[in-house]
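Going down the list, the protein sequences come from chains A and B. Quick note: the first sequence, position 93, residue 93 per my numbering, numbers continuous. Quick note: the second sequence, position 34, residue 34 per my numbering, numbers continuous.
Don't read these hints as lab results, they were simulated from the structure. Note that CB positions come from ideal geometry on N, CA and C, so glycine has one too. Any given hint might turn out to be false.
As the list claims (entries may be wrong) - With the Cβ distance kept under 10 Å, some of the chain B side facing chain A (calculated, not the full set):
1. Asp43
2. Lys78
3. Ser82
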Amino acid sequence: MNSFNSAESKRLGETVSSAASMTLFLIFAVCCLIIISVAATAYGRISRNYENTFDSTAAVRYITNKIRACGGAEIISENELLLRDVGYSTLIYHSGGAVYERLFPEGDTPVSSGGERLFGAEQLIIEEDGGLVRITVRDGDDVFTAFCKG
Amino acid sequence: MRSPMKSVSAGGKLNLFFMEMIIVLFFFSIASAVILNAFAASDRLSRESGRLERMSFCAQSAAEIFSQTGSLSETLEKLFGSNSYDIRGDEYDLQVRLPLTEECAYSPENAELYMIMAVESEEPEGLFKMYIVFTDGSDGEALYDIMAGAYLPGKGTVS
């Protein structure tokens, strides 16, 4: 009778031990998945923020620096800016979700096509505001605006 | 010769597995705590970087507008729109403290940041100095500061 009980409790102990091990293994697997999911979400958010911020701020800074360095700035339309210098002019324009730049020899008519793609941006707005040029770049949820003397 | 493993009973094997899993979980919990901390810090740094970028744009724009207009009230109006800003001081020493959101928008109800702008000049005409300081809305810690100068002959006074 005692040996029967002992065998029974041994089998029960093994079952409980096995179930506990499996539960621990399950916890381990679930924790792994949670950590990977949290890490992927955080990385995605950081990467998205970085890209949006970089594209928008770099575009605004680039344009404001070009305006400061040029001989004269002329706003052609809401998303076209012509920067005049000796012997050439630079057209900065927005088309198809990106900001482009194209150089023209003095005397040529600037056209908003071709050129070099600078930054990805959903929207570029260039406005004149009381003698200042207001540049707004939108990319994703990020909007950056800067004023610059034209 | 018998294998050492074979000498361990089935229950003993399970106990060893159980112990191994506990050790693995212990190291895993330490590693995950470190990793989560690293990701949280990285996320916070990314947000702070974006906020600093906005503050620098705001300060740069304020300096540009002030150097063009020579007027603090006009500078604020162009930057944050028409509002009643509490500009204090006399005509050669003005100061304003603006409650802003993290996106640097004027918001008296939800002040996450404060932008302190001070304009001073020793002469009626000539060089005006503008100090811009951004402080944290909760603890008042200085986050970003810049000093700009504008030579404004003929402006006479700032307003």
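Comparing the hints with the structure gives:
The beta carbon of aspartate 43 of chain B comes within 5 Å of a beta carbon in chain A, closer than 10 Å, and the hint placing it at the interface holds. A cut of 10 Å between beta carbons decides the hint on lysine 78 of chain B: the least distance to chain A is about 7 Å, and the hint holds. The restraint placing serine 82 of chain B at the interface with chain A is violated, with a minimum CB-CB distance near 14 Å, outside the 10 Å limit.
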